[in-house]
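Participant: Single-letter residue listing:
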Amino acid sequence: GAVVSQHPSWVICKSGTSVKIECRSLDFQATTMFWYRQFPKQSLMLMATSNEGSKATYEQGVEKDKFLINHASLTLSTLTVTSAHPEDSSFYICSVERGVYGYTFGSGTRLTVV
Amino acid sequence: GDSVTQMEGPVTLSEEAFLTINCTYTATGYPSLFWYVQYPGEGLQLLLKATKADDKGSNKGFEATYRKETTSFHLEKGSVQVSDSAVYFCALSGATNKLIFGTGTLLAVQP
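Those protein sequences? They're chains A and B, same order as listed.
Under our numbering, the letters of the first sequence match residues -14 to 99, in that order.
Under our numbering, the letters of the second sequence match residues 69 to 179, in that order.
FYI, nobody ran anything at the bench for these hints, they're computed from the structure.
Note that CB positions come from ideal geometry on N, CA and C, so glycine has one too.
Partial list, derived from the structure: chain A residues whose beta carbon lies under 8 Å from chain B:
(1) Phe19
(2) Ser28
(3) Leu29
(4) Leu31
(5) Thr34
(6) Ile78
(7) Ser80
(8) Glu82
(9) Gly87
(10) Tyr88
(11) Phe90
(12) Gly91
(13) Gly93
In isolation and in its complexed conformation, chain B is listed as follows (with noise of 0.2 Å):
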């Protein structure tokens, strides 16, 4: 079935340091792609999507890239903020329209 891998965290970064988080997806057909953020107390927040490969979400500094011939859509920004400081998840929506998380990464971000 369809699933996704993210890299374990957590990942801890000085502030403007670049973030990298990695994100592999097996599916059938052509999923589309989605990073998800949740802050601390809060609840899951949309970050970015990508619905067709080549495809690149961005939002608030963030960007991904649908790279359908690895499979791939990590997450990265140039510069983190502490406010970064979160639990990133990657999903996918396939055929079926059910979405499927990754395990999620913990963001530390310190000033």
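The following block holds chain A by itself, in its conformation from the complex (with noise of 0.2 Å):
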């Protein structure tokens, strides 16, 4: 089964509100934890890598105060779309660093701002 869960695999929101995406890692305490966005057709681009109990880091042209990372304890990161407008509308995917058993990722969610 899967070893990274990520909940909700699809939402659709109204333009100005927010959404959270949750990430679950089910068999490993994860410290770090990563957040890509994988627009249509193209790859995966590093949002910000998220770490436990402290701030997260963003990759450089990624809005803070837009995507908000909280990984409060080792197993759960969460991303928060803030203020969602259509252009937010994208692939959201997890990612786990586990160890030697390098990296597992999350089905992902789509998010679709209407």
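Since each chain comes alone in its own frame, lean on the hints to assemble the complex.
Facilitator: Below you can see the structure in the form of structure tokens.
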């Protein structure tokens, strides 16, 4: 079964509302998780590195206030898209670095902002 | 910074044809190299990896060799099947432990 659980798998929200996406590491205590964004027919763009118990590290060009990341425990990181707009519609994927097992990805969340 | 360049797709092949998807990288130090596969409607899965020069990663008939001299990690398979149709991503993990992806190559295998 999946060792990285991402929820929800898809969500539709209205413009101006906020959406929270959860990423759970089911069998590994993850001090570090990663959040990616994938545009249609394009690669995965690393948005930020989520660090347990401390602030996330954002990649250049990613708005910290728009994409809030919280990593409050070793098994859960959340990404909140605040005041969502249609251009935020995308596929968001989390990843856990599981030591010798390498990187494992969640199944992704399709966000559609209408 | 670190980067990965892979050949643009789509790549369309007939069943049992030979597959090569080129991947080159730029990185400081000695990164680990990966190929990930994304089947339609599914999440990313690790296909194979190599952690040092001259290592060969292999899985499900796919192979890739870590070539430091040419900074390449080309993916090959001797005989593709329809079930291999997917998007293939080359990636590296360097000193920062971040996974950096190429743009992905769509492979379509026709019966």
